[in-house]
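*Asks:* Spelled out from the first residue to the last, the chains are:
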Amino acid sequence: MSQILAIASTTLGEAIRRRVLLIILMVGLAFLIISPSLNQLTPRGERMVLIQMTLGILKITSAILAVTLTVYLLPNEVERRTIYTILSKPVQRYQFLLGKFFGSVGALTLMIGMMTLVLLVAFVIQQQTFDMKDLGPIIRSSIMLVFQMSLLAAVAMFFSTFVTPVVNFFLTGLVFVFGTLLNPLFEALGERGNQPAMQVITKIAHYAVPNFSTLDISTNAASEAGTRIGGSELVYMTQGMLYALAYIGILLILSVLVFDRKEV
Amino acid sequence: MAKKRGVLIGVLAGAFIAQAAISQSMYPTWKRDYSTGNTGIAEGLSVDQLLASMSGLRQMVAGILWVQCDEYFHNGQFDAILPLVRLITWLDPRQMEVYSSGAWHIAYNFTDEQNRSDRRYIPIALRLLEEGVVQNPDTYRLFHETGWIYYHKVDDNFPEAVRWFEQSVQKPDVLPALRGILANAYLKAGQLDKAVDWYATLEKDYQTRFELTGDRSDETQYDVMANNLNNLLIRMTSRGVFGRRAGVYDQYDYDTQNPVDLNFTVKIEVLQPKVVRVSGTWGIPATGARIRCVIRDKGFEIPWEPAPSMDFELDKGRTYMLDSLYTQNNRFDRKIDMSRNPTMYPFKADTVVVEFMFNPRTAPHHIQDKVGWDGEGMTDKRYYVFDKERNHHWLYAAFEIPRDMILRRGNYRLEGVLRSEGFIDVEVREQSDVIERIPRAPLRN
Amino acid sequence: MPTAIKTENLTKTYRTRSGSVNVVDNLNIEVEEGEIYGFLGPNGAGKTSTIKMLLGISYPSSGQAWLLGKEVGDMEIHRKISYLPEKPYYYEHMTGMEILNFYAKLFNIGPAERAAKATALLEKVNLASDGAKTISQYSKGMQQRIGLAQSLLNDPVLLFLDEPTAGLDPIAHVEIRDLILQMRDEGKTVFISSHELSDVERICDRVAILNKGKVEQQGKLDDLLKGGRIEIQAEGVPDGAVDSLRTDGVIVSNHGGRLIIDAPDSAGSDGFLDAIRTAGGRVISVIPRRKRLEDLFVETVTRATERIKREDAR
Numbered sequence: 001m002s003q004i005l006a007i008a009s010t011t012l013g014e015a016i017r018r019r020v021l022l023i024i025l026m027v028g029l030a031f032l033i034i035s036p037s038l039n040q041l042t043p044r045g046e047r048m049v050l051i052q053m054t055l056g057i058l059k060i061t062s063a064i065l066a067v068t069l070t071v072y073l074l075p076n077e078v079e080r081r082t083i084y085t086i087l088s089k090p091v092q093r094y095q096f097l098l099g100k101f102f103g104s105v106g107a108l109t110l111m112i113g114m115m116t117l118v119l120l121v122a123f124v125i126q127q128q129t130f131d132m133k134d135l136g137p138i139i140r141s142s143i144m145l146v147f148q149m150s151l152l153a154a155v156a157m158f159f160s161t162f163v164t165p166v167v168n169f170f171l172t173g174l175v176f177v178f179g180t181l182l183n184p185l186f187e188a189l190g191e192r193g194n195q196p197a198m199q200v201i202t203k204i205a206h207y208a209v210p211n212f213s214t215l216d217i218s219t220n221a222a223s224e225a226g227t228r229i230g231g232s233e234l235v236y237m238t239q240g241m242l243y244a245l246a247y248i249g250i251l252l253i254l255s256v257l258v259f260d261r262k263e264v
Numbered sequence: 001m002a003k004k005r006g007v008l009i010g011v012l013a014g015a016f017i018a019q020a021a022i023s024q025s026m027y028p029t030w031k032r033d034y035s036t037g038n039t040g041i042a043e044g045l046s047v048d049q050l051l052a053s054m055s056g057l058r059q060m061v062a063g064i065l066w067v068q069c070d071e072y073f074h075n076g077q078f079d080a081i082l083p084l085v086r087l088i089t090w091l092d093p094r095q096m097e098v099y100s101s102g103a104w105h106i107a108y109n110f111t112d113e114q115n116r117s118d119r120r121y122i123p124i125a126l127r128l129l130e131e132g133v134v135q136n137p138d139t140y141r142l143f144h145e146t147g148w149i150y151y152h153k154v155d156d157n158f159p160e161a162v163r164w165f166e167q168s169v170q171k172p173d174v175l176p177a178l179r180g181i182l183a184n185a186y187l188k189a190g191q192l193d194k195a196v197d198w199y200a201t202l203e204k205d206y207q208t209r210f211e212l213t214g215d216r217s218d219e220t221q222y223d224v225m226a227n228n229l230n231n232l233l234i235r236m237t238s239r240g241v242f243g244r245r246a247g248v249y250d251q252y253d254y255d256t257q258n259p260v261d262l263n264f265t266v267k268i269e270v271l272q273p274k275v276v277r278v279s280g281t282w283g284i285p286a287t288g289a290r291i292r293c294v295i296r297d298k299g300f301e302i303p304w305e306p307a308p309s310m311d312f313e314l315d316k317g318r319t320y321m322l323d324s325l326y327t328q329n330n331r332f333d334r335k336i337d338m339s340r341n342p343t344m345y346p347f348k349a350d351t352v353v354v355e356f357m358f359n360p361r362t363a364p365h366h367i368q369d370k371v372g373w374d375g376e377g378m379t380d381k382r383y384y385v386f387d388k389e390r391n392h393h394w395l396y397a398a399f400e401i402p403r404d405m406i407l408r409r410g411n412y413r414l415e416g417v418l419r420s421e422g423f424i425d426v427e428v429r430e431q432s433d434v435i436e437r438i439p440r441a442p443l444r445n
Numbered sequence: 001m002p003t004a005i006k007t008e009n010l011t012k013t014y015r016t017r018s019g020s021v022n023v024v025d026n027l028n029i030e031v032e033e034g035e036i037y038g039f040l041g042p043n044g045a046g047k048t049s050t051i052k053m054l055l056g057i058s059y060p061s062s063g064q065a066w067l068l069g070k071e072v073g074d075m076e077i078h079r080k081i082s083y084l085p086e087k088p089y090y091y092e093h094m095t096g097m098e099i100l101n102f103y104a105k106l107f108n109i110g111p112a113e114r115a116a117k118a119t120a121l122l123e124k125v126n127l128a129s130d131g132a133k134t135i136s137q138y139s140k141g142m143q144q145r146i147g148l149a150q151s152l153l154n155d156p157v158l159l160f161l162d163e164p165t166a167g168l169d170p171i172a173h174v175e176i177r178d179l180i181l182q183m184r185d186e187g188k189t190v191f192i193s194s195h196e197l198s199d200v201e202r203i204c205d206r207v208a209i210l211n212k213g214k215v216e217q218q219g220k221l222d223d224l225l226k227g228g229r230i231e232i233q234a235e236g237v238p239d240g241a242v243d244s245l246r247t248d249g250v251i252v253s254n255h256g257g258r259l260i261i262d263a264p265d266s267a268g269s270d271g272f273l274d275a276i277r278t279a280g281g282r283v284i285s286v287i288p289r290r291k292r293l294e295d296l297f298v299e300t301v302t303r304a305t306e307r308i309k310r311e312d313a314r
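First to last, the sequence lines map onto chains A, B and C. Residue 1 is where the first sequence starts when you use my numbering, and the numbers rise one by one after that. Residue 1 is where the second sequence starts when you use my numbering, and the numbers rise one by one after that. Residue 1 is where the third sequence starts when you use my numbering, and the numbers rise one by one after that.
In case anyone wonders, no lab produced these hints; they're calculated from the structure. Among these hints, one or two may not hold up.
What the hints assert, rightly or not - For lysine-lysine, the following BS3-like pairs were computed, each having C-alpha atoms within a straight-line distance of at most 25 angstroms:
#, chain 1, residue 1, chain 2, residue 2
1, B, K3, A, K262
2, C, K212, A, K262
3, A, K262, C, K6
4, A, K262, C, K87
5, A, K262, B, K4
6, B, K31, A, K203
As the list claims (entries may be wrong) - Residues from chain C that keep clear of chain A, each with C-beta distances beyond 12 angstroms, as calculated:
#, residue
7, G19
8, K124
9, H255
10, R277
11, G280
Just so you know, these numbers come straight off a predicted model, no measurement behind them. Every residue, glycine too, gets a C-beta built ideally from N, C-alpha and C.
Construct the entire structure; sequences and hints are all you get.
*Replies:* Structure below.
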């Protein structure tokens, strides 16, 4: 366990100091800060648009961060040969892999946390409100975003055990896009569609593909009746977290199985 | 190691089943609370539209499109609007502004040169609102808007208006002042007792509110409701509603007794191609009643209900004109110019139907005082209709004229006039306050 | 002496487009405890592949290997060994101290001991005053030294050093070399893979020369380099006596009165010295010229390459 922690904390430290990630983070933060002025573009000049837009920026920025961070996690170690010094120590491969994963999840959590904080501050300043009825949904969305991004990181991690970073980037991006559209697609093609082949395919996908749309609760945060759910949203969130953890578990086990046999 | 791998693969299978089970169990909740845009995806969306759904900037894009829409409304580029509205509601299904304003624009603002709106669009407006309600089921707003379209624009399907207003007032966020309209809808739907109950409910509600908050406006509203209730009960009494229920209607001298013979007559005169003058007489001397006039293709009636699909495809080959004829001094006279809006009034069918309707339930109070809510105080030897099931008395007259007459072609090149049976040609005075009796045809035996 | 490393027909095969290639081909070596073992070979000979297999970073296609008496892959032996890869880049954002701290955590070394060890090792590799600098500020030599320091954290019995002196300036060279010798004095077994032959020649006890995955030569350095020559310089030897010195394998040349005798080691110097003195000449110097490792290396690799060519031709 201490090995995993050591590797995780080093990964976290490195991620925080990586310039590319910092730049992405800064761009995201900048967008979050200027987004209130974009608000003028919509006649529906309410806080709902502001919330939805900033949560959207948050999501996109986090996704880019998650993918860029994780895609290079293993290849960088091989290229720098640090993996050799680590694996020649009493460190099992799975420990190395888990350490790397938890490190990047830690970094993502930290970054999402930072951006959420900025978002909240901007929101409070712009809307002059401290009402938890408004702030609560944002915080809850961000918490679910952490789980979404951890799942995304696990996807990238899994692919990085057997494809190159560039291929990985596209594969992970594809899974993310597909997973984000999964529920709407299933709704449209699986439930209401009339092509039997499509129905079967979407049904299978709905069971098997990482479902990011299920984990996204930001639509509710931005709906005008955003606070209507209250109690049951916590139940939904808990389910979502369990779902994310189960799927992350699957991806990590697969990664370990592949990575264990891999020539590095 | 092989053993460990075996265990891992076992765990893997377990986790896979677990994730599938959790995700499937979450799906119904997702669908109810978090679905972002389920309308119309099945009707075929492009990949980029799908991709747009994952972007958090959806609302912004929708907002920009909506600004664009607004410009189109002002410029009159109506054809560009509907697809945009479709796209916007897809991008941002919780933007109620688009549904409410969009439906309002669609139902009201596609007008001809004489500011008659194009009724062919009403099913589309209703459809848009119906979708909005599906997307936003927890707030009163779109229920109210839908009710309003039925109540005010359709003006012919009040049970539906009642149905929507009833749902609107149930929502916790409904504005108190918007609840009163339900009582009016009850009245127009002929449900007098429900109107009484509703005024009483509101009266009590405002009283409670006032006691709770001490807010003056609640007190005012309380007074208004009490007054409304009072007036309603007085009218019910004077129009013999209670008398009839008590079985003593015939023993008293109610205003609604001895039904007035409307003796409706009309002259339909095509002045120029697609320019129609309708003038005529009826038995109500008081100012303010309106007769609904429809000029339409034979066989084309607009069902006052949501369109079956949201494709906004309007059959522009059909004609449907609806206007209200203002009556005073027992007569009405209106020139309806449909010549300048060929897309609204193409007149492609061989036969054109000209209809006249008078629904006592929508008449002003002073007219109702004579004819009653249900029209029990009126009759007409030619055009009287009684819907026994709904206890509803109507005036309904329909005349078929050939297309050539509307277009002043063929046999009608020189003259295009149709006079109803017993038509009384009287002089029409414009802007006259003098109440003037017209000669009456004798009452039926 | 117990064996630190033993391999038996260790083979690593990679599939290529045109078939498969044995990067390591039936490797059989044995390294005894306490010695410095030089693992030599040109680039691509399979040195790093062998080390990776020994460390369990990659898996042999066939054959077996043991470290410290236990089969490769046993995590227990990883506590007793360490590895310094060729040109590693450590996490650049960390300081020397943090690097050592991090690697020490991987050995589950407690915090107090970690700090003490790190300080001592920084001292040992001469980086005591640079412990707070980040790796990005280190020179190549310093990076290599911090690498050595991390490899000593667990006080290993067996060290694998992959090209430890490659790309270093002469002073850094010497420093690293001294450190390696110091390790041997502490009784550690050091396995050096290198093509810096002068370093190997100076510090290794035994070597193996690898070419195209195969061991071409292996043995004690002294044995392998046996068969050197002796050079005797003399003057005042009468011309008549010179010819008698010319026997089999002996080259005698006259440089303006100075006679240079180049004779095989086996011939011994005594006979020549006697003959010179007898003839009235004067001996200026006697220098035993040991065979150089470079010669052996080039000779071995060239021979092997030619053999492979011949085999291919057949």
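*Asks:* Decide, hint by hint, whether the structure agrees.
*Replies:* Verification of the supplied hints:
Proposed proximity of K3 of chain B and K262 of chain A is supported: the alpha carbons are some 18 angstroms apart, at most 25 angstroms. Straight-line distance between C-alpha atoms of K212 of chain C and K262 of chain A comes to about 23 angstroms, which keeps the hinted pair within the 25 angstroms bound. Between K262 of chain A and K6 of chain C, the direct Cα distance comes to roughly 24 angstroms. Compliance with the 25 angstroms bound is thereby established for this hinted pair. The hinted pair formed by K262 of chain A and K87 of chain C meets the criterion: a straight-line CA distance of about 22 angstroms does not exceed 25 angstroms.
Between K262 of chain A and K4 of chain B, the direct Cα distance comes to roughly 17 angstroms. Compliance with the 25 angstroms bound is thereby established for this hinted pair. Restraint check for K31 of chain B and K203 of chain A: satisfied, since their Cα atoms lie roughly 15 angstroms apart, inside the 25 angstroms limit. Non-interface call for G19 of chain C relative to chain A: holds, since the shortest CB-CB distance, roughly 18 angstroms, exceeds 12 angstroms. Under the 12 angstroms C-beta cut-off, the non-interface status given to K124 of chain C relative to chain A holds; the minimum distance is some 18 angstroms.
In this structure H255 of chain C is separated from chain A by more than 12 angstroms, as the shortest Cβ-Cβ distance comes to about 53 angstroms. At roughly 60 angstroms, the least C-beta separation between R277 of chain C and chain A is larger than 12 angstroms, which holds for a residue marked as non-interface. Listed as a non-interface residue, G280 of chain C keeps its Cβ farther than 12 angstroms from every Cβ of chain A; the least gap is roughly 66 angstroms.
The structure meets every hint from the earlier list without exception.
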